[in-house]
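Residue numbers (this note's numbering), protein chains in the order written: chain A, 1 to 282; chain B, 1 to 282; chain C, 1 to 314; chain D, 1 to 314.
In short, the hints are calculated from the structure, not lab data. Hints may contain errors.
Claimed, not checked - Listed next, the in silico BS3-like pairs over lysine-lysine satisfying Cα-Cα at most 27 angstroms (straight line):
#, chain 1, residue 1, chain 2, residue 2
1, D, Lys305, A, Lys219
2, B, Lys84, A, Lys41
3, D, Lys92, B, Lys97
4, A, Lys84, B, Lys6
5, B, Lys261, A, Lys6
6, C, Lys111, B, Lys219
7, D, Lys305, B, Lys261
8, B, Lys84, A, Lys84
9, C, Lys111, A, Lys261
In this text the structure is predicted, and so the values were computed from the model without any measurement.
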Amino acid sequence: MLSQEKIICHRLLDPRYGLYQLVLRGKIAATAQPGQFVHLKVGATTDPLLRRPLSIARIDRARGEITLFYRVVGRGTALLTDVKEQESLNVLGPLGKGFTKPAEGELLLVAGGIGIFPLFSLLEAVDRSRVKVKVMWGGENRQFLESAGLPILRELGVEYEAATLDGSLGQKGLVTALLESSLHRTRTSQEMHHSAVAGAGPKDSVLQVAACGPRGMLKAVTEICCRQGVPVEVCLEERMACGVGACLGCVCTVKTATGHKRRRVCAEGPVFDGREVVWDEG
Amino acid sequence: MLSQEKIICHRLLDPRYGLYQLVLRGKIAATAQPGQFVHLKVGATTDPLLRRPLSIARIDRARGEITLFYRVVGRGTALLTDVKEQESLNVLGPLGKGFTKPAEGELLLVAGGIGIFPLFSLLEAVDRSRVKVKVMWGGENRQFLESAGLPILRELGVEYEAATLDGSLGQKGLVTALLESSLHRTRTSQEMHHSAVAGAGPKDSVLQVAACGPRGMLKAVTEICCRQGVPVEVCLEERMACGVGACLGCVCTVKTATGHKRRRVCAEGPVFDGREVVWDEG
Amino acid sequence: MKVDLTTRLAGLQLKNPVLTASGTFGFGEEYARFYDLALLGGITVKGITLEPRIGNPVPRIAETPSGILNAVGLENPGLEAFLSTYLPRLEKLKTAVIVNISGFSLEEYAKLAAALPENSCIAALEVNISCPNIKDGGMAFGTDPQSAGEVLAVTRKQTKLPLIAKLSPNVTDIVAIAKAVEENGADIISLINTLLGMRIDLDRGRPLLANTMGGLSGPAVRPVAVRMVYQVYQAVRLPIIGMGGISCWQDAVEFMLAGASAVSVGTANFINPLAPLEIINGLEAYCRQKGYHSVKELVGLAHRKEEPFDEEKR
Amino acid sequence: MKVDLTTRLAGLQLKNPVLTASGTFGFGEEYARFYDLALLGGITVKGITLEPRIGNPVPRIAETPSGILNAVGLENPGLEAFLSTYLPRLEKLKTAVIVNISGFSLEEYAKLAAALPENSCIAALEVNISCPNIKDGGMAFGTDPQSAGEVLAVTRKQTKLPLIAKLSPNVTDIVAIAKAVEENGADIISLINTLLGMRIDLDRGRPLLANTMGGLSGPAVRPVAVRMVYQVYQAVRLPIIGMGGISCWQDAVEFMLAGASAVSVGTANFINPLAPLEIINGLEAYCRQKGYHSVKELVGLAHRKEEPFDEEKR
Ligand SMILES: Cc1cc2nc3c(=O)[nH]c(=O)nc-3n(C[C@H](O)[C@H](O)[C@H](O)COP(=O)(O)OP(=O)(O)OC[C@H]3O[C@@H](n4cnc5c(N)ncnc54)[C@H](O)[C@@H]3O)c2cc1C
Ligand SMILES: Cc1cc2nc3c(=O)[nH]c(=O)nc-3n(C[C@H](O)[C@H](O)[C@H](O)COP(=O)(O)OP(=O)(O)OC[C@H]3O[C@@H](n4cnc5c(N)ncnc54)[C@H](O)[C@@H]3O)c2cc1C
Ligand SMILES: Cc1cc2nc3c(=O)[nH]c(=O)nc-3n(C[C@H](O)[C@H](O)[C@H](O)COP(=O)(O)O)c2cc1C
Ligand SMILES: Cc1cc2nc3c(=O)[nH]c(=O)nc-3n(C[C@H](O)[C@H](O)[C@H](O)COP(=O)(O)O)c2cc1C
Ligand code: FES
Ligand code: FES
Numbered sequence: 001m002l003s004q005e006k007i008i009c010h011r012l013l014d015p016r017y018g019l020y021q022l023v024l025r026g027k028i029a030a031t032a033q034p035g036q037f038v039h040l041k042v043g044a045t046t047d048p049l050l051r052r053p054l055s056i057a058r059i060d061r062a063r064g065e066i067t068l069f070y071r072v073v074g075r076g077t078a079l080l081t082d083v084k085e086q087e088s089l090n091v092l093g094p095l096g097k098g099f100t101k102p103a104e105g106e107l108l109l110v111a112g113g114i115g116i117f118p119l120f121s122l123l124e125a126v127d128r129s130r131v132k133v134k135v136m137w138g139g140e141n142r143q144f145l146e147s148a149g150l151p152i153l154r155e156l157g158v159e160y161e162a163a164t165l166d167g168s169l170g171q172k173g174l175v176t177a178l179l180e181s182s183l184h185r186t187r188t189s190q191e192m193h194h195s196a197v198a199g200a201g202p203k204d205s206v207l208q209v210a211a212c213g214p215r216g217m218l219k220a221v222t223e224i225c226c227r228q229g230v231p232v233e234v235c236l237e238e239r240m241a242c243g244v245g246a247c248l249g250c251v252c253t254v255k256t257a258t259g260h261k262r263r264r265v266c267a268e269g270p271v272f273d274g275r276e277v278v279w280d281e282g
Numbered sequence: 001m002l003s004q005e006k007i008i009c010h011r012l013l014d015p016r017y018g019l020y021q022l023v024l025r026g027k028i029a030a031t032a033q034p035g036q037f038v039h040l041k042v043g044a045t046t047d048p049l050l051r052r053p054l055s056i057a058r059i060d061r062a063r064g065e066i067t068l069f070y071r072v073v074g075r076g077t078a079l080l081t082d083v084k085e086q087e088s089l090n091v092l093g094p095l096g097k098g099f100t101k102p103a104e105g106e107l108l109l110v111a112g113g114i115g116i117f118p119l120f121s122l123l124e125a126v127d128r129s130r131v132k133v134k135v136m137w138g139g140e141n142r143q144f145l146e147s148a149g150l151p152i153l154r155e156l157g158v159e160y161e162a163a164t165l166d167g168s169l170g171q172k173g174l175v176t177a178l179l180e181s182s183l184h185r186t187r188t189s190q191e192m193h194h195s196a197v198a199g200a201g202p203k204d205s206v207l208q209v210a211a212c213g214p215r216g217m218l219k220a221v222t223e224i225c226c227r228q229g230v231p232v233e234v235c236l237e238e239r240m241a242c243g244v245g246a247c248l249g250c251v252c253t254v255k256t257a258t259g260h261k262r263r264r265v266c267a268e269g270p271v272f273d274g275r276e277v278v279w280d281e282g
Numbered sequence: 001m002k003v004d005l006t007t008r009l010a011g012l013q014l015k016n017p018v019l020t021a022s023g024t025f026g027f028g029e030e031y032a033r034f035y036d037l038a039l040l041g042g043i044t045v046k047g048i049t050l051e052p053r054i055g056n057p058v059p060r061i062a063e064t065p066s067g068i069l070n071a072v073g074l075e076n077p078g079l080e081a082f083l084s085t086y087l088p089r090l091e092k093l094k095t096a097v098i099v100n101i102s103g104f105s106l107e108e109y110a111k112l113a114a115a116l117p118e119n120s121c122i123a124a125l126e127v128n129i130s131c132p133n134i135k136d137g138g139m140a141f142g143t144d145p146q147s148a149g150e151v152l153a154v155t156r157k158q159t160k161l162p163l164i165a166k167l168s169p170n171v172t173d174i175v176a177i178a179k180a181v182e183e184n185g186a187d188i189i190s191l192i193n194t195l196l197g198m199r200i201d202l203d204r205g206r207p208l209l210a211n212t213m214g215g216l217s218g219p220a221v222r223p224v225a226v227r228m229v230y231q232v233y234q235a236v237r238l239p240i241i242g243m244g245g246i247s248c249w250q251d252a253v254e255f256m257l258a259g260a261s262a263v264s265v266g267t268a269n270f271i272n273p274l275a276p277l278e279i280i281n282g283l284e285a286y287c288r289q290k291g292y293h294s295v296k297e298l299v300g301l302a303h304r305k306e307e308p309f310d311e312e313k314r
Numbered sequence: 001m002k003v004d005l006t007t008r009l010a011g012l013q014l015k016n017p018v019l020t021a022s023g024t025f026g027f028g029e030e031y032a033r034f035y036d037l038a039l040l041g042g043i044t045v046k047g048i049t050l051e052p053r054i055g056n057p058v059p060r061i062a063e064t065p066s067g068i069l070n071a072v073g074l075e076n077p078g079l080e081a082f083l084s085t086y087l088p089r090l091e092k093l094k095t096a097v098i099v100n101i102s103g104f105s106l107e108e109y110a111k112l113a114a115a116l117p118e119n120s121c122i123a124a125l126e127v128n129i130s131c132p133n134i135k136d137g138g139m140a141f142g143t144d145p146q147s148a149g150e151v152l153a154v155t156r157k158q159t160k161l162p163l164i165a166k167l168s169p170n171v172t173d174i175v176a177i178a179k180a181v182e183e184n185g186a187d188i189i190s191l192i193n194t195l196l197g198m199r200i201d202l203d204r205g206r207p208l209l210a211n212t213m214g215g216l217s218g219p220a221v222r223p224v225a226v227r228m229v230y231q232v233y234q235a236v237r238l239p240i241i242g243m244g245g246i247s248c249w250q251d252a253v254e255f256m257l258a259g260a261s262a263v264s265v266g267t268a269n270f271i272n273p274l275a276p277l278e279i280i281n282g283l284e285a286y287c288r289q290k291g292y293h294s295v296k297e298l299v300g301l302a303h304r305k306e307e308p309f310d311e312e313k314r
């Protein structure tokens, strides 16, 4: 769980968006699951104090390597850019509960911005000879998507649709629009005329959605899926202290039979059933 | 005063004693004086918070370079070991008031341990065709002295005497013993039969002493010099915050005509007339 | 040389003086994956209230220079679930368990103390009169000597377990509070709880924490905590559990020299889950190096006039 | 877009809202070598007492995580030397000068206030009722509303200069103190002074500072300071000068959103002598980016119910 991971590769993918790739070799790859994350100690002093959570984006068990992608947003990620290949990083992980890996049927990965990162690991983990996988990804513009992982999607030969805010790649607008029309099409073409009841069970469908991105997008994705009766798993973000479930810092709220309950994003998540999440309450 | 200095050379001199050499190129060399110091920002975050004071050990005006030597003692100096050649350091300096540079006569440099560092700069600055310079240096053992600068003394061809605690080089014991017997000899041979009155004025003598080392040693050196009527300058250390005289954090106490007064080690010092320093009061 | 690490604080006998702090260690299970909790002096579990609490909305955590703010708001399963679900699991950990309790009235404190069994793995009760993250209650009790004393008095009546009074640092006079709890039946004093602080999110122009304010912990507060331990040690006779920013053995020694008989590790668990173990080892090595046969000899040394380690100075 | 940086706090008119904090900026001369002090909103000089003071023995400074402890003990040349030697030099700096005064009795405060000229570069007096580094006095005045009020009342009688009451954070209820000084003639409130803290030197087994305890400042205390500014802003109408760990413009904005009309830079000068200038520039840029014509618009924004910058969020 606590591991000194060796830095195999650390490179800047895009200066404009401050996107970096970090490949670590160590104990974590052996047990990592898609959708799990690691908690990194950045710097040797007490400032910044807390670890930083990053999703495990790729898992190479054979080589014992995991790949992380990160965007520089604040002090911690800025300091992280200083670490050098061959040095080692103090990493806690793999942490959390990841995505459900479908054994068959159809899997739709819906990503907003850097929300694509944890989805890579799921994409690579499913048996694509049995599961039909498709990616829908929304981002600012073509450059961002190219830097943040389009080459990986192409390399893996997975079908994808893009949406960009400026229309420089794919459809202009939000990824939720892509999802909406696609689900509508699928449903109609499959002539599945279930009434679109929110909360329809997963059994109704061979299609399932896994989504990651900003909270507003995840809420919209969940609503669309619920309307179409498609099960959806969402990967949440929350400010974390311990990362292991001890501090209760990172909770979300879920609906249960006995009312609203808190769940720890780092322990019971970061992946949750979208329909259980209470989106409009802090 | 505030300068980004480029790291020209940074190397470990002795792993056992954690001794490092650091050569910086920038604006500071142009005006640095022997006995002055610099105040270094170590690390980019708020921990450690304060700058660290280090003496300017060598000044090469032609190349615009200063050399610092440091010993790893705590967090700041430990972090400093991480800085890489070609990177730059944020340096405040040159700071403080250095040694008086004699134009003629005899100069005795008395160092305890790493107290030798600021004395190098004085040694190099005096015109040795007109001033007879001799170094007395006490340290733990031969290895320490070799690592901390004996090669420099040899390179400069200066006369020196060593004292080591284990007798592995020079006389066994403290440097103050060397000083005592030497001063006694000098005085006797020069047949200067002044009564050895503490506080006898500098005019009496063409000999002057500059000392740096632990406080206890400086006190002893001052007492010996006073007994022999030899003027002595001491280079003090004190915990510093601002380094420029603004915070009053680093004071020492001196005797003045109007009683005991505080002086700021970073501004009025770090070099003081040994006879003025109140040694036994905090 | 063998160093005796055992420690006794009034009725609380510990294997060694290193505990974990309430709210930073869940109910122990999360860190039991990292090491055997039986190696610790003991653990303090998350603060329990009479009723279950869902706590504050998120964000609950904000990083600050060398510290964190938290506003968890005492989320906990409540007394009943604690007794039925968590206590049986705690029994299995084979470590001394300190149960931290918070009430919103004197009556609630009393009920909690009465309900927690005296013959179980529970080694002591820590009476939290200092939680800054809940409205009407918690900290209010701990900022006034009179009400702090009352809480201890009512709790004392309900249990024979050793009572630890956990003090708030958000007070003008920590000594007055310490004396009040001493006079009202506390066996041990623990300090400090968190300092009240806040951050503002520049992007949103609003307080960063959903709860507006939160409790500051971590290395940033250590100088304040050491000072309070030092002051309380001078003024009261009760043994002290020191905490506030302890991250390594040096920090633990600092608290013990200031007057703490034991220490608690809180925020540091989040950064280094092995911190408590490393601290136990470091304390032992320090005692050995300084020639102390028992870790108890460190307690309060900094109060001596002469420099205790003078012989070793050169 | 031009941003208006001028700021008015009661009778104190400033070029911009960035000051330097007392005791961290000498009498200005040291930092005048780095930049023209006329660029600042103003400077606050080292605390002055009636008689000269030699201050505490060394060590006076100890580093802590993201902070420092100081125990200078109000070393200063005394009123007379201040008037004869330092004030004439301060006149030449062409910047607003705030003189920080400390007394050991009400009478001393009154004498100091009476003696400091109303027609000079002195723009205001800062009444320090919060120095933790001297025995019998200083902080004691600032930890009790009654005596805090008395100090302000006697000082008020002696001068027409704007009076800034500098509050101590070492109190249970900062709002009570703020109200007391408001009712007794203070024009402005400044906060926070340092938090009382200490460190122990593990090598010597003794308190590190010669004075045992010292005042904690620097980034570590910022969350406490922001919280107190926020609380005081809600409770009193006086303008606030916020300080405590301000090191960059983001920190300054944080204090202003919390309710400070101006900010003081203290410990940060030691690390980055140009910090005050960089903060002025950063404030201006931030206002421009957010579309504010005057820096005054920032003051207290975090208290609004709605998110002030909502339009800009996506
Ligand atoms: C489970 C999980 C997986 C993540 N995976 C990735 C990833 O693969 N790639 C990536 O670029 N980012 C990812 N993030 C977001 C990433 O953790 C933050 O961008 C990062 O912590 C910011 O740190 P900072 O020091 O640069 O920013 P600062 O703003 O200086 O951070 C201050 C504090 O806020 C926290 N914080 C700030 N932003 C976020 C955020 N968006 N989510 C959670 N905490 C935050 C920090 O961890 C830190 O404690 C993930 C977050 C979570 C919770
Ligand atoms: C004018 C002056 C010149 C110096 N020149 C040299 C030199 O050329 N080479 C060298 O190796 N050392 C020199 N020192 C000592 C050096 O500054 C300290 O060893 C260093 O600051 C220790 O920092 P640290 O973070 O490693 O130790 P820590 O103990 O972690 O430092 C904690 C705090 O204490 C201060 N501190 C600790 N030890 C000392 C000390 N001995 N003197 C002053 N402050 C101290 C630090 O600056 C810091 O603020 C000099 C000190 C002064 C005042
Ligand atoms: C996330 C978190 C939750 C806490 N919850 C509690 C609690 O429930 N009861 C309590 O008495 N103290 C609680 N505390 C305070 C700690 O027990 C401890 O007193 C404080 O954090 C100082 O120690 P530290 O700096 O080592 O963390 C909590 C602290 C944190 C950081
Ligand atoms: C070395 C030092 C000396 C100080 N002297 C005084 C003083 O004389 N009078 C005063 O009111 N405050 C004094 N202070 C407190 C500061 O003015 C300021 O309130 C405090 O340091 C918090 O701000 P900061 O964190 O930006 O330093 C001093 C602070 C330091 C660090
Ligand atoms: S981060 Fe501590 S419980 Fe999730
Ligand atoms: S370090 Fe500030 S006056 Fe010397």
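For this structure, which hints from the list above don't hold up? Hints 5, 6, 7 contradicted; others consistent.
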